[in-house]
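Asker: Here is how the chains run, residue by residue.
Number of protein chains: 2
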Amino acid sequence: MKSTSHSPILGVLGGGQLGRMLIQSAINYNQDIHILDPDPNAPCKDLCQEFTVGSLKDFDTVYAFGQNCDVLTVEIESVNAEALKKLELEGKKVYPQPDILKLIQDKREQKQFYKEQGIPTAEFILTENKEEVIHNKGFLPAVNKLGKEGYDGRGVQILKSEEDLENAFDAPGLLEKLIDFEKEIAVTVARNEAGDLTVYPAVECAFHPTANLVEFLFAPAEIASDVEEKAKEIAKDVILKLGMVGILAVEMFVTKEGEVLVNEIAPRPHNSGHHTIEANFTSQFEQHLRSVMNWPLGNPDLRCPAAMINLLGEEGFTGPAVVEGQEVAISEKGVYIHMYGKKLTKPFRKMGHVTVLDDDITKLKEKAMKVKGIIKIKSI
Amino acid sequence: MKSTSHSPILGVLGGGQLGRMLIQSAINYNQDIHILDPDPNAPCKDLCQEFTVGSLKDFDTVYAFGQNCDVLTVEIESVNAEALKKLELEGKKVYPQPDILKLIQDKREQKQFYKEQGIPTAEFILTENKEEVIHNKGFLPAVNKLGKEGYDGRGVQILKSEEDLENAFDAPGLLEKLIDFEKEIAVTVARNEAGDLTVYPAVECAFHPTANLVEFLFAPAEIASDVEEKAKEIAKDVILKLGMVGILAVEMFVTKEGEVLVNEIAPRPHNSGHHTIEANFTSQFEQHLRSVMNWPLGNPDLRCPAAMINLLGEEGFTGPAVVEGQEVAISEKGVYIHMYGKKLTKPFRKMGHVTVLDDDITKLKEKAMKVKGIIKIKSI
Chain A
3 MKSTSHSPIL GVLGGGQLGR MLIQSAINYN QDIHILDPDP NAPCKDLCQE FTVGSLKDFD
63 TVYAFGQNCD VLTVEIESVN AEALKKLELE GKKVYPQPDI LKLIQDKREQ KQFYKEQGIP
123 TAEFILTENK EEVIHNKGFL PAVNKLGKEG YDGRGVQILK SEEDLENAFD APGLLEKLID
183 FEKEIAVTVA RNEAGDLTVY PAVECAFHPT ANLVEFLFAP AEIASDVEEK AKEIAKDVIL
243 KLGMVGILAV EMFVTKEGEV LVNEIAPRPH NSGHHTIEAN FTSQFEQHLR SVMNWPLGNP
303 DLRCPAAMIN LLGEEGFTGP AVVEGQEVAI SEKGVYIHMY GKKLTKPFRK MGHVTVLDDD
363 ITKLKEKAMK VKGIIKIKSI
Chain B
3 MKSTSHSPIL GVLGGGQLGR MLIQSAINYN QDIHILDPDP NAPCKDLCQE FTVGSLKDFD
63 TVYAFGQNCD VLTVEIESVN AEALKKLELE GKKVYPQPDI LKLIQDKREQ KQFYKEQGIP
123 TAEFILTENK EEVIHNKGFL PAVNKLGKEG YDGRGVQILK SEEDLENAFD APGLLEKLID
183 FEKEIAVTVA RNEAGDLTVY PAVECAFHPT ANLVEFLFAP AEIASDVEEK AKEIAKDVIL
243 KLGMVGILAV EMFVTKEGEV LVNEIAPRPH NSGHHTIEAN FTSQFEQHLR SVMNWPLGNP
303 DLRCPAAMIN LLGEEGFTGP AVVEGQEVAI SEKGVYIHMY GKKLTKPFRK MGHVTVLDDD
363 ITKLKEKAMK VKGIIKIKSI
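Line by line, the protein sequences are chains A and B. In this text, residue positions in the first sequence follow my numbering: the first is 3, and each later residue adds one. In this text, residue positions in the second sequence follow my numbering: the first is 3, and each later residue adds one.
Keep in mind that a hint or two might mislead.
To be verified - Within a straight-line C-alpha distance of at most 27 Å, the following computed DSSO-like cross-link-like pairs (lysine-lysine) qualify:
#1 B:K345 <-> A:K94
#2 B:K345 <-> A:K95
#3 B:K47 <-> A:K47
As the list claims (entries may be wrong) - Using C-beta positions, here's what the derived DEER-type ranges look like:
#4 B:D60 <-> A:E92: 24 to 34 Å
#5 A:K59 <-> B:A66: 39 to 49 Å
#6 B:Q51 <-> A:G56: 45 to 55 Å
To be verified - If you want the ones that stay clear, here's a sample from chain A, every Cβ over 12 Å from chain B, calculated:
#7 L49
#8 L142
#9 I181
#10 F183
#11 K185
#12 K234
#13 N312
#14 K345
#15 F350
#16 M371
Because the hints were derived from the structure by calculation, they are not lab data. Even for Gly, the Cβ is constructed at its ideal location relative to N, Cα and C.
Could you put the whole structure together from the sequences, leaning on the hints where they help?
Answerer: Shown next as structure tokens:
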């Protein structure tokens with residue numbers, strides 16, 4: 003962060019929308035960014051100092067990419083952590099740390115970590131295959147998760163009753179007690195190498211009924227202040243117990259009894275923090291940058307109540323994307339569109355998001371519903 | 003604004019900081035940007051879909067650049083307006099319109115336009131050379147301006163008394179009565195092809211005593227509401243009388259008698275609107291984009307009082323830039339740094355800016371002074 007000509011290069015594994023919004027923040031700091039992504043048309047392709055097309059999962063590709071960077075980070079968890087580990091051992095700064103990425107890549111290890119560290123989470127059983135899931139039918143209703151490769155709703159399914167057992171994953175995974183939650187919330191925490199730690203206010207998420215993706219997000223979460231405090235303490239506890247540097251989104255359930263249980267964590271900017279670009283003093287993308295570069299962390303306070311709506315590809319449309327209703331939506335005060343530069347749409351693909359601001363919570367929700375109804379991502 | 007694959011290309015003449023901040027907004031709309039700039043290391047170089055190195059003043063270069071674009075705009079006035087005129091005649095959208103650029107390129111024509119259109123401005127005399135300035139010494143104290151090529155404080159000087167006459171510009175220019183103003187303010191207006199027009203709240207500028215550059219900016223301006231209304235009406239009047247499409251910054255003097263006089267105008271995002279990125283519902287860069295693309299204009303209201311500090315190259319330092327004090331400054335809540343990606347600094351070069359937010363005006367000013375004292379742009 004000293005001279006423009008000598009500043010360290012930040013390498014990012016993944017060049018999707020999270021990398022794209024990170025770049026929008028990095029521009030403000032003259033922070034040069036190198037991107038690695040398998041897709042030659044990835045959302046970051048025209049917006050960085052170096053764009054390399056290559057696999058995030060291939061050891062040699064990731065290792066070679068890291069050679070030209072000073073600091074490395076990710077915008078997706080499923081990357082070759084071994085290559086990052088080697089780069090770390092050779093003196094590169096890698097945040098989140100490769101060992102934490104490995105832990106998070108496997109939901110089974112993640113759950114065991116919570117258990118060992120006394121972090122509240124839903125009760126679970128590890129299962130090696132479909133047979134073991136069936137054997138544990140007494141544990142239903144439960145969420146059946148694949149240990150690895152789950153992402154954006156894939157690799158997660160609800161098994162309500164014995165009839166659902168035929169769909170059980172036939173691979174190492176887990177069964178998690180289905181929580182009859184009151185709300186789903188998320189708290190973002192960030193920590194830098196110097197040990198500074200900041201905690202964002204809790205947000206409330208409403209998920210799409212079938213796609214298992216965040217459909218709406220509201221900030222602040224409408225929860226009792228003691229529940230919020232508990233959630234913030236848990237999020238802090240998780241990042242500290244991981245010893246992680248970077249930004250971490252902690253998704254949690256609030257049960258009807260006011261209990262707070264960790265659901266999943268993401269060691270990177272996350273869908274539950276997109277509203278922070280306009281709604282908070284420091285956006286999650288800038289905070290991510292500050293934390294991995296070991297700059298002082300920014301203030302996480304909310305400037306204004308906000309809602310966030312994911313713009314998902316409409317069902318029934320696959321092909322070159324067409325955005326409908328954008329002009330009507332942006333005519334409204336406090337409506338911010340963020341398109342992700344993806345040329346092709348398919349059902350439920352994350353094509354963009356919209357943040358809505360309003361000091362009046364009722365109006366905010368009305369505006370969010372309206373925007374949701376207006377903007378549609380279809381194809382030609 | 004329909005499909006990602008068929009969206010019109012916006013060509014921008016100039017790839018400096020204004021283009022760079024425009025790109026940060028354009029990313030949100032999947033708006034592809036082509037940039038033309040003579041400097042191969044211009045601030046926009048790694049951040050756009052196409053970057054062409056070439057003169058902005060050469061007819062053939064500008065004309066050829068425009069061929070691949072659907073809409074053309076500028077981030078600097080001194081461009082080849084003839085080439086833009088030809089492109090306009092051939093069906094390209096060019097905003098601001100080439101004829102308006104020509105008018106603004108010549109301060110003499112600009113002043114005559116105000117006079118003819120009944121727009122209040124300081125009294126003036128056109129002068130062809132040094133001799134004519136000397137001949138009009140009775141008009142002193144006055145501001146002596148070159149007709150063409152003045153920019154960022156160059157081509158403008160104050161002639162207080164006869165002793166200063168030896169410095170008078172020996173080229174077509176003008177003498178303008180020195181206004182004993184109370185404040186300098188600016189109002190930004192924007193207008194799209196459909197005729198939508200929005201007016202930003204007035205801001206107050208404090209200029210550097212010798213460099214004739216904005217040093218501090220405060221929003222809102224601390225002026226009486228009737229003065230603000232008058233200023234807004236004048237700014238609207240200017241854009242309407244120009245018939246301009248795009249964004250226009252109108253710099254004005256407020257005299258001790260509460261009179262409002264137009265000083266200069268800029269038909270593009272301007273230094274007096276940088277704070278809008280964080281402080282207003284719609285930033286000037288997004289508004290520029292909306293206006294030239296003929297999208298609905300955004301709400302211009304202030305979300306929070308703000309100050310803006312230009313980060314100018316320190317006197318006595320020329321060479322590769324080093325930023326001092328950045329980390330201390332960004333530790334403060336509501337401090338936003340924007341570096342412009344310029345590798346080399348020189349005295350008074352605009353290297354970046356900082357916006358400061360605070361609901362409390364006294365604290366805001368304190369914070370702005372503090373930031374100003376902390377961040378220094380020096381060289382290795």
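Asker: For A:F350, which was marked as not at the interface, is the minimum beta-carbon distance to chain B over 12 Å?
Answerer: holds, 17 Å
Asker: Does A:M371 sit more than 12 Å from chain B, CB to CB?
Answerer: Its Cβ never comes within 12 Å of chain B, the nearest being 20 Å, so this holds.
Asker: B:K47 and A:K47: Cα distance at most 27 Å?
Answerer: holds, 13 Å
Asker: The output says A:F183 does not contact chain B. Does that hold with a beta carbon cutoff of 12 Å?
Answerer: holds, 33 Å
Asker: Against the 27 Å threshold, does the CA-CA distance of B:K345 and A:K94 hold or violate the hint?
Answerer: holds, 25 Å
Asker: So is A:L49 really clear of chain B, every C-beta pair being over 12 Å apart?
Answerer: violated, 5 Å
Asker: Quick check: does the Cβ-Cβ distance between A:K59 and B:A66 fall within 39 to 49 Å?
Answerer: holds, 43 Å
Asker: Could you check that no beta carbon of chain B comes within 12 Å of the beta carbon of A:N312?
Answerer: holds, 15 Å
Asker: Given the range 24 to 34 Å, decide if the beta-carbon distance of B:D60 to A:E92 lies inside it.
Answerer: Given about 49 Å between the Cβ atoms, the range is violated.
Asker: At 12 Å, judged by beta carbons, does A:I181 keep clear of chain B as stated?
Answerer: holds, 36 Å
Asker: Note whether the CB distance of B:Q51 and A:G56 lies within 45 to 55 Å or breaks it.
Answerer: Check failed, 22 Å falls outside 45 to 55 Å.
Asker: Beyond 12 Å from every Cβ of chain B: is that where the Cβ of A:K185 lies?
Answerer: holds, 28 Å
In summary, the structure is inconsistent with hints 4, 6, 7, 14 from the numbered list given earlier, while agreeing with the others.
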